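**Q** Sequence:
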Amino acid sequence: MLIMGEVRTGLLQNSAEIEERDHQAVLGLLAGERVRMSRRPIVYAVSPDLLTGVDCRLPSASRARIRGVGTVVSRSSITGGRVLQGSSYVRVVRGEVNYRLPWSHYLARPGVVEVLGKVSGPDVADGFLAFGAAGEHLDLGSVSDRFMDVVQESPVLDLRAPFRSNRTRLRWVAETGEPGVHFTLGEGQERTLKITHPGEFSPAVVDLCEDLALHDWLLTTLLTIVQKARIGGASRPEVSARLAPAVDTLLHLWMPGARIHPSLAALWESLERTPGFSRQWQSLVDRIRDQLAVNTLALLRETNG
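Residue numbers (this note's numbering): 383 to 687.
Be a bit skeptical, because a hint or two may be false.
[Unchecked claim] Here are the computed distance ranges between Cβ atoms for each label pair:
id: 1; residue 1: 508; residue 2: 615; range: 36 to 46 Å
id: 2; residue 1: 419; residue 2: 395; range: 15 to 25 Å
id: 3; residue 1: 683; residue 2: 661; range: 29 to 39 Å
id: 4; residue 1: 661; residue 2: 508; range: 23 to 33 Å
id: 5; residue 1: 616; residue 2: 538; range: 33 to 43 Å
id: 6; residue 1: 422; residue 2: 566; range: 24 to 34 Å
id: 7; residue 1: 514; residue 2: 616; range: 16 to 26 Å
id: 8; residue 1: 640; residue 2: 672; range: 19 to 29 Å
id: 9; residue 1: 446; residue 2: 422; range: 42 to 52 Å
id: 10; residue 1: 535; residue 2: 580; range: 33 to 43 Å
id: 11; residue 1: 537; residue 2: 672; range: 33 to 43 Å
[As the list claims (entries may be wrong)] Each computed SDA-like pair below joins lysine to any residue, with the alpha-carbon atoms no more than 20 Å apart:
id: 12; residue 1: 500; residue 2: 476
id: 13; residue 1: 500; residue 2: 445
id: 14; residue 1: 610; residue 2: 623
id: 15; residue 1: 610; residue 2: 548
id: 16; residue 1: 500; residue 2: 543
id: 17; residue 1: 610; residue 2: 543
id: 18; residue 1: 576; residue 2: 587
Just so you know, the hints here were simulated from the structure itself, not pulled from any lab data. In this text, all values refer to a predicted model and were calculated from it rather than measured experimentally. No residue lacks a Cβ here, since even glycine has one placed at the ideal position from N, Cα and C.
Work the whole structure out from these sequences, hints included.
**A** The structure is reproduced here in structure tokens:
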């Protein structure tokens with residue numbers, strides 16, 4: 383069985399962290415269903431699962447015409463009152479018959495897309511991770527984006543983000559096999575993740591991918607802020623002003639692996655070794671704090687004459 387998903391991550395369009403009581407209003411995307419929330423080690427809220435029916439071609443590295451019918455599971459989440467994610471995934475299985483069944487059959491199997499005809503798991507996985515042109519096949523990223531946009535349109539938000547940033551796109555596939563994980567930075571905001579793990583599919587795999595996407599976005603955004611600060615090329619007050627949004631908005635959100643199930647902890651640890659997210663993050667944080675400290679000392683010298 384093949385599981386594939388896509389996570390979009392971006393900054394919540396609000397000038398400040400939203401308060402805990404506002405999460406229900408912002409993420410209440412399904413009437414009658416409550417938003418789930420945890421407060422330790424950081425405030426995290428997630429919408430109810432939402433289903434989207436699909437009947438379309440599946441991606442294929444060999445460009446084979448593969449038809450899939452079923453439902454996509456999606457959800458939106460907010461971390462620390464600041465970072466918004468849209469996440470969608472499907473389990474791809476061989477259909478019992480080679481023709482489309484009534485929708486009631488597919489709705490009874492949420493998150494499952496059945497293939498009508500022959501299918502090769504590796505062929506679909508490689509095609510999906512290749513980031514083909516939008517509209518040609520199943521587009522989980524667009525589904526994730528749609529639910530993010532719904533959240534951003536909430537009247538609770540003031541649409542005044544503290545700085546400009548881009549959404550990142552993490553596409554992932556998970557297959558059964560010896561435990562392993564491979565993360566790749568692609569063009570622009572594109573990233574791919576391939577996971578192999580023993581046993582049956584677990585929602586904990588989705589949590590792992592979302593946590594990775596979150597911390598990749600934090601690292602990418604912090605790096606962009608540092609580059610735009612023009613350290614060494616602008617005055618110290620200008621540099622400090624450009625670095626301030628990172629201190630106010632991002633630095634306290636770095637908690638890699640905090641929501642990872644213990645059974646998948648080893649996969650996250652391998653990502654910490656290569657490419658080493660936390661090492662790069664700490665290097666950037668140290669550089670920011672050094673710049674702010676130097677600027678503070680310079681101001682104190684000027685004040686004391």
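**Q** It remains to establish, for every hint, whether it holds in the given structure.
**A** Hints, one by one, checked against the model:
For residue 508 and residue 615, the hinted distance range of 36 to 46 Å is satisfied, since their beta carbons lie about 43 Å from each other. Residue 419 and residue 395 have their C-beta atoms about 20 Å apart, which keeps the hinted 15 to 25 Å range intact. Evaluation of the 29 to 39 Å hint for residue 683 and residue 661 yields a pass: the beta carbon distance comes to about 33 Å. Taken as a hint, the range 23 to 33 Å holds for the pair residue 661 and residue 508, whose Cβ atoms sit roughly 30 Å apart.
As the Cβ distance of residue 616 to residue 538 is approximately 36 Å, the hint placing it in 33 to 43 Å holds. For residue 422 and residue 566, the hinted distance range of 24 to 34 Å is satisfied, since their beta carbons lie about 32 Å from each other. Evaluation of the 16 to 26 Å hint for residue 514 and residue 616 yields a failure: the beta carbon distance comes to about 41 Å. Look at residue 640 against residue 672: about 27 Å separates their beta carbons, and that is inside 19 to 29 Å.
In this structure the supplied range 42 to 52 Å holds for residue 446 paired with residue 422, their Cβ-Cβ distance being about 47 Å. Range check, residue 535 to residue 580: about 42 Å between beta-carbon atoms, so the 33 to 43 Å window is met. Taking the beta carbon of each, residue 537 and residue 672 are about 41 Å apart, inside 33 to 43 Å as hinted. This hinted pair checks out: residue 500 and residue 476 have alpha carbons roughly 7 Å apart, not beyond 20 Å.
Note on residue 500 and residue 445: the hinted pairing holds, with a Cα-Cα distance of about 13 Å set against a maximum of 20 Å. The hinted pair formed by residue 610 and residue 623 meets the criterion: a straight-line CA distance of about 11 Å does not exceed 20 Å. Under the criterion of a C-alpha separation no larger than 20 Å, the hint pairing residue 610 with residue 548 is consistent with the structure, at around 14 Å. Straight-line distance between C-alpha atoms of residue 500 and residue 543 comes to about 47 Å, which puts the hinted pair past the 20 Å bound.
At roughly 17 Å between alpha-carbon atoms, residue 610 and residue 543 fall within 20 Å of each other, so this suggested pair holds. The straight-line distance between the Cα atoms of residue 576 and residue 587 is roughly 11 Å, inside the 20 Å bound, and the hint therefore holds.
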